[in-house]
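Participant: Can you make the complete structure from the sequences, with help from the hints?
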Amino acid sequence: TQLLEQSPQFLSIQEGENLTVYCNSSSVFSSLQWYRQEPGEGPVLLVTVVTGGEVKKLKRLTFQFGDARKDSSLHITAAQPGDTGLYLCAGPIIQGAQKLVFGQGTRLTINP
Amino acid sequence: ETGVTQTPRHLVMGMTNKKSLKCEQHLGHNAMYWYKQSAKKPLELMFVYNFKEQTENNSVPSRFSPECPNSSHLFLHLHTLQPEDSALYLCASSQDSGYTDTQYFGPGTRLTVL
Numbered sequence: 001t002q003l004l005e006q007s008p009q010f011l012s013i014q015e016g017e018n019l020t021v022y023c024n025s026s027s028v029f030s031s032l033q034w035y036r037q038e039p040g041e042g043p044v045l046l047v048t049v050v051t052g053g054e055v056k057k058l059k060r061l062t063f064q065f066g067d068a069r070k071d072s073s074l075h076i077t078a079a080q081p082g083d084t085g086l087y088l089c090a091g092p093i094i095q096g097a098q099k100l101v102f103g104q105g106t107r108l109t110i111n112p
Numbered sequence: 001e002t003g004v005t006q007t008p009r010h011l012v013m014g015m016t017n018k019k020s021l022k023c024e025q026h027l028g029h030n031a032m033y034w035y036k037q038s039a040k041k042p043l044e045l046m047f048v049y050n051f052k053e054q055t056e057n058n059s060v061p062s063r064f065s066p067e068c069p070n071s072s073h074l075f076l077h078l079h080t081l082q083p084e085d086s087a088l089y090l091c092a093s094s095q096d097s098g099y100t101d102t103q104y105f106g107p108g109t110r111l112t113v114l
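Chains as they are written, first to last, in this note's numbering: chain A, 1 to 112; chain B, 1 to 114.
These are calculated hints, taken from the structure and not from any lab test. Where hints are given, some of them may not hold.
Here are the simulated lysine-lysine pairs, PhoX-like style, with alpha carbons at most 25 Å apart [what the hints assert, rightly or not]: (1) K18(B) - K99(A); (2) K22(B) - K41(B); (3) K99(A) - K41(B); (4) K99(A) - K70(A); (5) K56(A) - K70(A); (6) K99(A) - K22(B); (7) K57(A) - K52(B); (8) K70(A) - K18(B); (9) K70(A) - K41(B); (10) K52(B) - K40(B); (11) K22(B) - K70(A); (12) K52(B) - K19(B); (13) K41(B) - K52(B).
Facilitator: In structure tokens:
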């Protein structure tokens, strides 16, 4: 059982369309992070949301943290081919020591 | 060089080989991490080092042996691996090992075990 479930696992859309990907858990998280990983590279942190209900915007990307701090969403407006990549959500847990747990990711392809 | 670098970028090895992965960070961070990224599983934390001391071993088999000679360098020594160990191995660093500190990832080493 994964602590963080991401959906959909795969998404392929045309340039200019809007999309939303989700990160859900049955556990409460103090914060959630979103990363983008491009082929041949490591994940790069996009944003951290820390307050229930918080909305953060990064150009055409809008991130929201659920009111109960169990879920988060990433909405992309007018997707572009440069948005193609693996989107990962991650949250901190304490299992002995503090660590980040990751969802399995959403692989997004934007077709020109 | 800036950020987090990893070498080699690709590695193919037999089950009886011994090899090492290298990670170097140029960010002045105190914590370094090894992660495993498989095709069908989420990114998994393997080891954490803080100020050269190992603070986390996430039940990793002994055929993986980490070494952290200083805060800037991290190695993962590999021996008698199994085909299921084939994966992308990612190194990361952060200012300290608290989970609020942003982790910066290297590009990874793509490992194939034959």
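Participant: For every hint, state whether the structure bears it out.
Facilitator: Evaluation of the provided hints:
| no. | hint | in the structure |
| --- | --- | --- |
| 1 | K18(B) - K99(A) | violated (29 Å) |
| 2 | K22(B) - K41(B) | holds (23 Å) |
| 3 | K99(A) - K41(B) | holds (17 Å) |
| 4 | K99(A) - K70(A) | holds (17 Å) |
| 5 | K56(A) - K70(A) | holds (17 Å) |
| 6 | K99(A) - K22(B) | holds (22 Å) |
| 7 | K57(A) - K52(B) | violated (37 Å) |
| 8 | K70(A) - K18(B) | violated (43 Å) |
| 9 | K70(A) - K41(B) | holds (21 Å) |
| 10 | K52(B) - K40(B) | violated (31 Å) |
| 11 | K22(B) - K70(A) | violated (36 Å) |
| 12 | K52(B) - K19(B) | holds (21 Å) |
| 13 | K41(B) - K52(B) | violated (28 Å) |
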